[in-house]
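Student: Chains A and B are the protein sequences, given in the same order. Start counting at 1 in the first sequence, then tack on 77, and there's your number in the numbering used here. Start counting at 1 in the second sequence, then tack on 1497, and there's your number in the numbering used here.
No wet-lab data here; the hints were simulated from the structure. Take these hints with a grain of salt, some might be off.
What the hints assert, rightly or not - Derived Cβ-Cβ restraints for the label pairs, each shown as a range:
#1 A:L105 with B:T1658: 27 to 37 Å
#2 B:A1661 with A:L129: 44 to 54 Å
#3 A:E124 with B:A1661: 43 to 53 Å
Unchecked claim - Partner residues are not named here, just some residues of chain A that face chain B (Cβ under 10 Å, in silico):
#4 R117
#5 V126
#6 A130
Claimed, not checked - Just so you have them, the derived chain A footprint on chain B, three or more residues with Cβ under 8 Å:
#7 1573–1581
#8 1645–1656
#9 1715–1722
Cβ coordinates follow ideal geometry from the N, Cα and C atoms, glycine included.
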Amino acid sequence: MPPTDAGAGSPNVSGARRSGPTRATPVLLLALAGALLVLRVALGIYEHVRRLAS
Amino acid sequence: MNPTLILALFQQRARSLPRMALVFSFFSLPLIVLAFARGAGLAALHTGQAFAVFLGAGIIGQDISSGTLQLLFARPVSRGEYVLSRWLGASLAAACLVVAQLAIGLGLMALHREAPAVRDLALFAGGQMLGVFGTVSVLLLFSTMLPGIGDLLAIIVAAITGQALQLAAGLFRAPWLARAGVEIGRFVAPALDLNALFGGGQISWFDVVSYFSTVTLCVALAIVILNRRELSYATD
């Protein structure tokens, strides 16, 4: 049986699970930020076109 | 939101002598101007974003560099909670300074019988608060990616890039380049001039949406980036 070193983690953490209760994705905040970004771009284009037209 | 984390941020900032020296100078100098110069008005108290930068620089990067985060995340603290607490803590500290400075400034203006109208004062204070929360949110985003006070450096570089693009637009007669420069500047220094917004005339909804878009985007991305970040015990 290979010896184990209690408390020693694997040095290679690439591919490790990056989720869990302490890494919850802020879904609502991201959705709000996305919606505001889309609205920002749309309003920017609208105001630019309106300025060109006037 | 975690009150302990917010309190820890206040203590951390209060222990930093260079920060406190800068905050003190930006707090007292405009008040000295108001005490001796007549007609300076509220314009002398445009210090909200400066307080935000002094208290917010290195808001997360310094904790990563010092190894504090590695120890903190060994406890049952979620990364989102940490990011929001840091954002709120730095913003509240800067907002308190703005309010205190405004209160003293108002007293000094009243001594000269130059006290502004309540409406003007409220709009000015609101604009300063929005500037504080906006600036700290941008620092927050850059701070999750850069060590130490690299966030401050990133904002300076981005602001200079924005200005350079606007200059280049004039040289090359490229309006799109000017717009890109303006948008970069708008992103790194989010603010809303409430006086212009509510002072009559047409409200620019683009300005309003741009401000809130920047703030929500920065806070959300800061949480996502920190969630994905693997913290090394070696010096970062």
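Student: Give me the numbers of the hints this structure contradicts, sorted from smallest to largest.
Tutor: 2, 3, 5, 6 and 8
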